[in-house]
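Could you slot chain U onto chain C? The hints should help.
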Amino acid sequence: AQKVTQAQTEISVVEKEDVTLDCVYETRDTTYYLFWYKQPPSGELVFLIRRNSFDEQNEISGRYSWNFQKSTSSFNFTITASQVVDSAVYFCALSEAGWGFGNEKLTFGTGTRLTIIP
Amino acid sequence: DAGVIQSPRHEVTEMGQEVTLRCKPISGHNSLFWYRQTMMRGLELLIYFNNNVPIDDSGMPEDRFSAKMPNASFSTLKIQPSEPRDSAVYFCASSLRTLSSGNTIYFGEGSWLTVV
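Quick note, the sequences are listed as chains C and U, same order. When the letters of the first sequence are read in order and numbered with our numbering, they come out as residues 1 to 118. When the letters of the second sequence are read in order and numbered with our numbering, they come out as residues 1 to 116.
Bound conformation, chain U alone:
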């Protein structure tokens, strides 16, 4: 079975450019997460969707960041304009949320973003 698929795997962009990261969750999963990993802050949750609806975006750093989930099989994380401090690995993850909680969250391979 295909896991969480992210693209691009690596991106180098210039400061001020728009960056769009894409994610395809595991088929049948109804929760989707965007995490960011940096040396300074470790792994932190940016935003969480359930059934395509954003539930918690309290981790989104600022207005330059936006995320959408137009359907159950696709999500984007956009940074506009990008800044060097946005350089990080961005992980998309998904899970199947049932009546029980503590469902296992599966991660994609990450998108390595460098803003120069």
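Bound conformation, chain C alone:
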């Protein structure tokens, strides 16, 4: 069975500080996909990134970066120079690959509530 753990329930940082959100996953599959979603106070779930298990290159998108390490089963998310608009709950998720139906199901972590203090 697959599992996603986000040990940090809540984080608060002062604006412009860097912050890293941790994500640790468990799966028996050798091929799988990892995701991050953002849920701002308005409630919608916004897709941020998808990563497949064969691609361990770090990804950078503006102030956001992601560090994928298979050796530690982690997919951490860093926000550089945080801004108040980054305040949200962030979810890490996992889906297993394969040809069979059901492989698109996302297993979510419990989320990390990030508060950026002005």
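Worth double-checking, as some hints may not be accurate.
[Stated by the list, open to error] Taking lysine to any residue pairs in the SDA-like style, the calculated list, with each CA pair at most 25 Å apart, reads:
1. Lys24/U x Leu48/C
2. Lys105/C x Gly59/U
3. Lys3/C x Asp22/C
4. Lys68/U x Thr107/C
5. Lys105/C x Ala72/U
[Unchecked claim] With the Cβ distance kept under 10 Å, some of the chain U side facing chain C (calculated, not the full set):
6. Leu45
7. Ile55
8. Val89
9. Ser95
10. Ile105
11. Gly108
Since the hints were derived computationally from the structure, they do not count as laboratory data. Glycine residues also receive a C-beta, built at the ideal position from the N, C-alpha and C atoms.
The following block gives chain U in isolation, referenced to the frame of chain C:
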């Protein structure tokens, strides 16, 4: 492009009433998901359709819950009769399932249900 559209956005109903939540997936997507979000259980998958066919409904809590997808552009999630413990945010999501997997799933804004 329009995203996943859900209605109603907010609903308050009395215990025992029937509740119907509606979803229009992104045009061209062939997979549709219903998720529920609660404080206690987080985000959990209720049911998953592919090409309008229910593939996995193992997350549907009980017989009071039913979901249909009569065509590629519309799905409903019905609760009858509703109970206070059904109060949650219900998300509809869709994706385009191709020969490769791990396709990105896009979520609607959610339907906030309160059963009193």
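Index of numbered hints that the structure contradicts, given in increasing order: none
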